[in-house]
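> Sequences are here, hints too, so could you generate the full structure?
Sequence lines, in order, name chains A, B, C and D. Mapping of the first sequence onto the working numbering: residues 16 to 180, in sequence order. Mapping of the second sequence onto the working numbering: residues 16 to 180, in sequence order. Mapping of the third sequence onto the working numbering: residues 16 to 180, in sequence order. Mapping of the fourth sequence onto the working numbering: residues 16 to 180, in sequence order.
These are calculated hints, taken from the structure and not from any lab test. The structure displayed is predicted, hence computed values, not measured ones. Where hints are given, some of them may not hold.
The list cannot tell twin chains apart, which means a pair is met if one copy fits it or any two copies do.
EDC-like cross-link-like pairs, simulated, lysine to aspartate or glutamate; straight-line CA separation at most 20 Å [stated by the list, open to error]:
#1 88 / 114
#2 19 / 85
#3 171 / 114
#4 19 / 94
#5 153 / 30
#6 19 / 87
#7 59 / 41
#8 153 / 164
#9 19 / 175
Number of protein chains: 4
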Amino acid sequence: MSRKPIIGVMGPGDEANPELMRLAEELGRQIARAGWITLSGGRKSGVMDAVNRGAKSAGGLTVGILPTSERDKISTYVDIPIVTDMGNARNNINVLSSDVVIACGIGRGTASEVALALKSNKRVVLLAASEAAEAFFKEIGGALISVADSPLAAIKLCEEFLRAP
Amino acid sequence: MSRKPIIGVMGPGDEANPELMRLAEELGRQIARAGWITLSGGRKSGVMDAVNRGAKSAGGLTVGILPTSERDKISTYVDIPIVTDMGNARNNINVLSSDVVIACGIGRGTASEVALALKSNKRVVLLAASEAAEAFFKEIGGALISVADSPLAAIKLCEEFLRAP
Amino acid sequence: MSRKPIIGVMGPGDEANPELMRLAEELGRQIARAGWITLSGGRKSGVMDAVNRGAKSAGGLTVGILPTSERDKISTYVDIPIVTDMGNARNNINVLSSDVVIACGIGRGTASEVALALKSNKRVVLLAASEAAEAFFKEIGGALISVADSPLAAIKLCEEFLRAP
Amino acid sequence: MSRKPIIGVMGPGDEANPELMRLAEELGRQIARAGWITLSGGRKSGVMDAVNRGAKSAGGLTVGILPTSERDKISTYVDIPIVTDMGNARNNINVLSSDVVIACGIGRGTASEVALALKSNKRVVLLAASEAAEAFFKEIGGALISVADSPLAAIKLCEEFLRAP
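In structure tokens:
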């Protein structure tokens, strides 16, 4: 059996701005079109909600790794909610379960996910990160860090990394 | 959107006997036929492997919540591996993510899952449990515990619980 | 350096009756007198609170492994609160961090802790458990399970297990 | 009862250089002299080992939050090993259990701890961080981030934060 690749998309929740939401939705759409599974933090908020909405609009499968057991906070667009009830410690599960991690914007939680991904030697694609974020994560992540300037560029990088992990 | 129900099937790994494996495989088949998602501990061992094999033989979708990050220990029949790397603490995620929990046999890990499910007020169906297990879990679980004498009876109970949670 | 032994005392929270609280307090006192560290689930409730009160009354050191980050729910008698914010998944940390586990009474959470302790091959002493609990845990735990009929008897068993783990 | 403050010291393991080890050892010594408890990742490696050695040399109490259950990897200088067996997800416990977090150097794991601390609105003191790390963490952490140029300066900041959290 060959499993479908799982692309983890991490990003700010409530503090995500409309542009970030647009990027996340486009990422979800493209991940679904590529035939991949979308994994996120699963909440009905910000990048998490938008990436799942995009993925479902293109018929994709969506997995959400939830920090709490509050069922009303799950994104409507998550097919498979995994309820951890372990707060931000679930961020490590997000990245360990992803074949490639895309950070769409950078909040405090996202920063922890990028760092945890690097700690486990996972490839990370930064999209819409600040200059300071790019500089810092390149410093500690070296070749594991790539920067994309559009959702499409991020998807191309994923394709490349999935071919040669 | 209405999500597909997730049925968690828990049971012994390496120490599962052939009869338990047969029951687990049949459970997986029936869960898939009912249109539900199969969730398990995800390892290539015992009840976990058998339930996923059964589910895939009937075209179902399978989610495995893995205790370690060793990818070669994932059941071949798991579509979506969630890598927790948190050992037996992941047992709590297994039950929190399941709409109904079926215990197929009882090992030490399974016993922890039944107890954790009860602690979170989840319905548990016992299949092929010992008399001592049934007596104990009824004592601490009351009406949350049901006993099934066949995979089909377990599935009927799940149907009932999904209609009136 | 030789570390002080850590004795984990698990038991019901809000549903603990006065007799169970009395036993827990006595356990804490004896653990402290033996020069050992008391570890518990850390909350200001039931067996957790009583065992820490007992330990502090005899000048012992107390560690509490908290399920949430709500600081006002920590037992007043905990010296070192470890804040996990991971709900009942923290039960696995309770037992892994203990040299010997004493279950003082049996609730749903306690049952998960006994099962998780056995899964990790830890010695468990049952105090004030029901007949059904003793029968079940002996069935799955074999020689790892001991039954004590008093706090003093539980302490004697700990001494024995610490000498020959 | 008034609890002793817990200062979490995070930093690189095997990749820590001698200068970072010296700083960590000095931090541990000063934390102990201030009458506080030292909390770390607990392993017999790098900053974790050095800070505990320093704390013990000044008669302090040391708590280590271990990522695995391998007992031979615990720092000799840890009084209270908390065994999580949950890999890097334990990093969240490190910061939630600390009243103030000091990052001594910055590796990938440390970066995740700083980000998780900020996510939970904890004060973080950076010692011996790179310019890129300081710039990034100030950007996402604002007033929660302080920079110290010596162990003594870090301790002064802790004193201040403990007085007015």
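> Next, verify each hint and record whether it holds.
Tested hints:
For the homomeric pair residue 88 and residue 114, the shortest alpha-carbon distance between copies (17 Å) is at most 20 Å, but the shortest distance inside one copy (26 Å) is not. Proximity of residue 19 to residue 85 under the C-alpha cut-off of 20 Å is restricted to the inter-copy arrangement: shortest distance 18 Å between copies versus 29 Å within a copy. For the homomeric pair residue 171 and residue 114, the shortest alpha-carbon distance inside one copy (14 Å) is at most 20 Å, but the shortest distance between copies (37 Å) is not. Taking the shortest Cα distances, residue 19 and residue 94 sit within 20 Å of each other both inside one copy (15 Å) and across copies (8 Å).
In this homomeric assembly, residue 153 and residue 30 come within 20 Å of each other (Cα to Cα) only across copies, at 17 Å, whereas the closest approach inside a single copy is 24 Å. For the homomeric pair residue 19 and residue 87, the shortest alpha-carbon distance between copies (16 Å) is at most 20 Å, but the shortest distance inside one copy (28 Å) is not. Taking the shortest Cα distances, residue 59 and residue 41 sit within 20 Å of each other inside one copy (17 Å), while across copies they are farther apart (36 Å). In this assembly of identical chains, the alpha carbons of residue 153 and residue 164 lie at most 20 Å apart only when taken from the same copy (16 Å versus 24 Å across copies).
For the homomeric pair residue 19 and residue 175, the shortest alpha-carbon distance inside one copy (15 Å) is at most 20 Å, but the shortest distance between copies (33 Å) is not.
In this structure, every one of the numbered hints holds.
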